[in-house]
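*Asks:* Spelled out from the first residue to the last, the chains are:
Protein chains: 4
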Amino acid sequence: MMESDDLLCGRLYRAVTMLEDCGEFAALVPEVRSNFVYARENPQSREDVLAVDGRITVVDGMPKAAGRLKFGASSHMARLMVEVHKRDGRYRAGVDFANNPELADWLERYCQEKGWVFSVMDRSTEPDDVKAEEGASMPWKVGKAFEAAGGKTPKMFYETGAVGKEPVTVLIGGDPVEVAEEMRELAVKWAER
Amino acid sequence: MMESDDLLCGRLYRAVTMLEDCGEFAALVPEVRSNFVYARENPQSREDVLAVDGRITVVDGMPKAAGRLKFGASSHMARLMVEVHKRDGRYRAGVDFANNPELADWLERYCQEKGWVFSVMDRSTEPDDVKAEEGASMPWKVGKAFEAAGGKTPKMFYETGAVGKEPVTVLIGGDPVEVAEEMRELAVKWAER
Amino acid sequence: MMESDDLLCGRLYRAVTMLEDCGEFAALVPEVRSNFVYARENPQSREDVLAVDGRITVVDGMPKAAGRLKFGASSHMARLMVEVHKRDGRYRAGVDFANNPELADWLERYCQEKGWVFSVMDRSTEPDDVKAEEGASMPWKVGKAFEAAGGKTPKMFYETGAVGKEPVTVLIGGDPVEVAEEMRELAVKWAER
Amino acid sequence: MMESDDLLCGRLYRAVTMLEDCGEFAALVPEVRSNFVYARENPQSREDVLAVDGRITVVDGMPKAAGRLKFGASSHMARLMVEVHKRDGRYRAGVDFANNPELADWLERYCQEKGWVFSVMDRSTEPDDVKAEEGASMPWKVGKAFEAAGGKTPKMFYETGAVGKEPVTVLIGGDPVEVAEEMRELAVKWAER
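As you go down the protein sequences, you meet chains X, B, D and Y in turn.
The first sequence begins at 1 in this note's numbering and counts up one residue at a time.
The second sequence begins at 194 in this note's numbering and counts up one residue at a time.
The third sequence begins at 387 in this note's numbering and counts up one residue at a time.
The fourth sequence begins at 580 in this note's numbering and counts up one residue at a time.
Since the hints were derived computationally from the structure, they do not count as laboratory data.
Possibly wrong hints are sitting among the right ones.
To give an idea of the interface, some chain B residues facing chain X are shown, with a C-beta separation under 10 Å as derived from the structure [said to hold, decoys possible]:
1) Ser197
2) Leu201
3) Leu262
4) Lys345
Just so you know, even glycine gets a beta-carbon here, dropped at the ideal spot from N, CA and C.
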């Protein structure tokens with residue numbers, strides 16, 4: 001049976017709802033707001049990636065999806081997911097969240113405890129021709145994240161060093177509900193630190 | 194494969210979205226607002242029926258789901274769906290909408306054109322012991338709707354004659370997306386009449 | 387200084403927010419949902435009455451305004467407010483909520499304790515020519531509510547006995563924030579009964 | 580008469596609604612989302628500044644306020660407004676929106692045409708002790724914006740050159756409805772360029 005878009009939608013709906021009900025996640029929503037994405041099998045472009053229209057913001061101290069789930073609703077996270085999937089076909093779901101020096105240190109230790117591959121990419125090393133070419137940055141960045149992880153697929157990674165860009169951390173997995181569970185556990189641990 | 198709650202949710206999400214995008218349906222949202230329900234296989238109670246929390250209201254002239262999809266979010270429509278399913282296991286989805294004398298006449302002709310079984314139940318004939326017993330009205334009403342349809346399963350029906358109760362029309366089917374398509378077509382035809 | 391629409395809007399915004407934050411009010415939202423209205427000075431028609439577009443529904447167990455505050459967004463409650471204001475110019479704000487036999491008895495006692503004038507109008511006595519004439523029911527009903535209160539302005543009233551109409555109770559006052567405070571206190575007392 | 584919080588709220592509500600209804604503004608909502616703020620007279624801290632909880636995001640291609648208007652709901656824009664007000668007491672309302680090299684050039688010309696004072700502050704010149712001290716950046720930045728404008732109050736300004744920070748443009752004025760009108764006109768002109 002071919003997996004249907006409806007099943008994807010129901011699965012991401014459950015995952016987003018789990019984050020909306022997690023007050024601790026509110027502290028990890030970045031200035032640019034979070035998105036949560038789930039790609040069809042073999043995604044070719046952002047149009048194959050389901051995401052939250054308007055992203056996940058914080059209202060009354062709780063995470064809140066601003067709009068509907070739609071294919072094509074995300075640009076950044078959707079293109080990232082497509083690039084990750086090219087390198088490791090098991091990964092189809094992801095969420096982005098905050099990053100700052102204190103959090104980054106804590107996340108690195110958290111990943112060690114969980115046995116997760118963690119990676120960082122330094123955008124200050126991004127070549128000018130990559131920056132200049134439309135659409136070239138994302139493949140370069142995701143490539144760097146895998147490279148910095150010694151060729152393994154990073155479970156979590158972030159980029160750093162870009163002028164005018166807020167750094168965000170990305171957590172990826174095969175299924176959005178699993179990723180939501182991992183994100184909730186992390187958010188609770190961060191709140192309790 | 195057992196049908197999952199996630200698939201139900203994705204399917205109803207699509208159906209509700211279709212109605213939200215149908216401006217003509219706004220004119221058919223009743224005072225009590227509409228709900229759209231989808232039951233699990235062999236539903237036993239309202240907890241087995243997915244529905245829109247807060248119902249579907251009208252905002253800026255367009256139908257709008259007030260809250261999330263949740264199992265147990267509906268009382269009236271969910272219990273109706275459970276009763277219908279007991280009599281005809283093919284029916285698991287339904288939406289309610291407005292009723293008034295002009296609309297009722299039009300709907301009866303519309304059902305004839307579509308070849309749909311149409312039924313009416315007159316609540317002024319409801320026995321006092323049925324009214325008095327908690328939870329007895331819905332089985333009686335749904336039984337009447339089937340009875341008035343000569344034992345066939347009505348595709349559409351409404352009740353009439355109750356003091357203090359707004360009459361609503363119910364459209365049912367096997368799948369919420371099919372029901373949403375039927376509802377949209379009906380709403381457009383009613384707007385064009 | 388002429389009172390501005392902006393001041394009206396800010397005042398009703400505060401009042402609606404107070405009800406949204408009152409979980410006990412959720413139990414008093416009727417099937418037709420509540421609205422909260424605030425009329426300009428000397429309102430002539432519903433277009434002079436500010437109200438919640440899409441009414442106040444219940445989501446996640448809490449009252450929630452479905453849409454924006456807009457002049458003209460209400461029909462029933464706005465026309466009621468215009469009629470009340472014709473008879474007593476001090477009254478410009480009102481909210482409607484549930485009614486049923488148990489609640490009605492309790493409300494009558496509650497009004498006695500508060501020293502509020504309470505009134506009931508029986509729509510089964512509505513003359514046929516009033517029913518037949520477009521727009522004639524509301525003046526007749528409001529007139530009956532004042533008449534049944536011995537010519538005094540009722541602080542609270544409800545109608546009863548109409549086929550196909552859910553009975554609702556109406557609480558009115560001069561200012562929406564005052565009415566919201568009164569409604570909150572009543573809802574808390576009803577929850578504690 | 581002391582100006583009331585309700586009047587502030589009604590005025591900002593109207594202003595935010597105007598932007599929500601302006602599709603062209605959606606193209607100017609930055610990654611960090613926009614906020615719209617309105618300060619009480621003589622604001623001392625962010626708690627004296629009304630703002631949109633959850634900011635203004637983009638849903639279905641239209642700007643949308645994510646949550647309610649609340650005092651204290653904004654950090655960045657509220658503190659900016661307090662600092663601006665210290666230097667020029669006429670200014671109490673402001674909205675932030677996108678910035679990028681193409682837009683920045685266009686905005687500079689737009690301000691010239693309108694006769695508006697325009698200013699830029701380069702954060703790469705921010706001293707380390709300012710960066711290090713909690714709460715010192717905003718006074719420094721706003722001071723720089725006035726300084727770069729030759730001591731005049733800039734009607735519009737943006738900052739540039741910060742690592743990890745998306746640059747945003749700020750438009751300020753005395754009244755939020757006036758600012759909303761100016762923002763709408765600008766957004767329409769940018770869409771037509």
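*Asks:* Confirm or reject each hint.
*Replies:* Outcome of the hint check:
Hint status for B:Ser197: holds, given a least beta-carbon distance of 7 Å to chain X, under 10 Å. With a least beta-carbon distance of about 7 Å to chain X, the hint placing B:Leu201 at the interface is held under the 10 Å criterion. Nearest Cβ of chain X to the Cβ of B:Leu262: about 7 Å, under the 10 Å cut. The hint holds. Hint status for B:Lys345: violated, given a least beta-carbon distance of 30 Å to chain X, over 10 Å.
Going through the hint list in order, the structure does not satisfy hint 4, though it satisfies all others.
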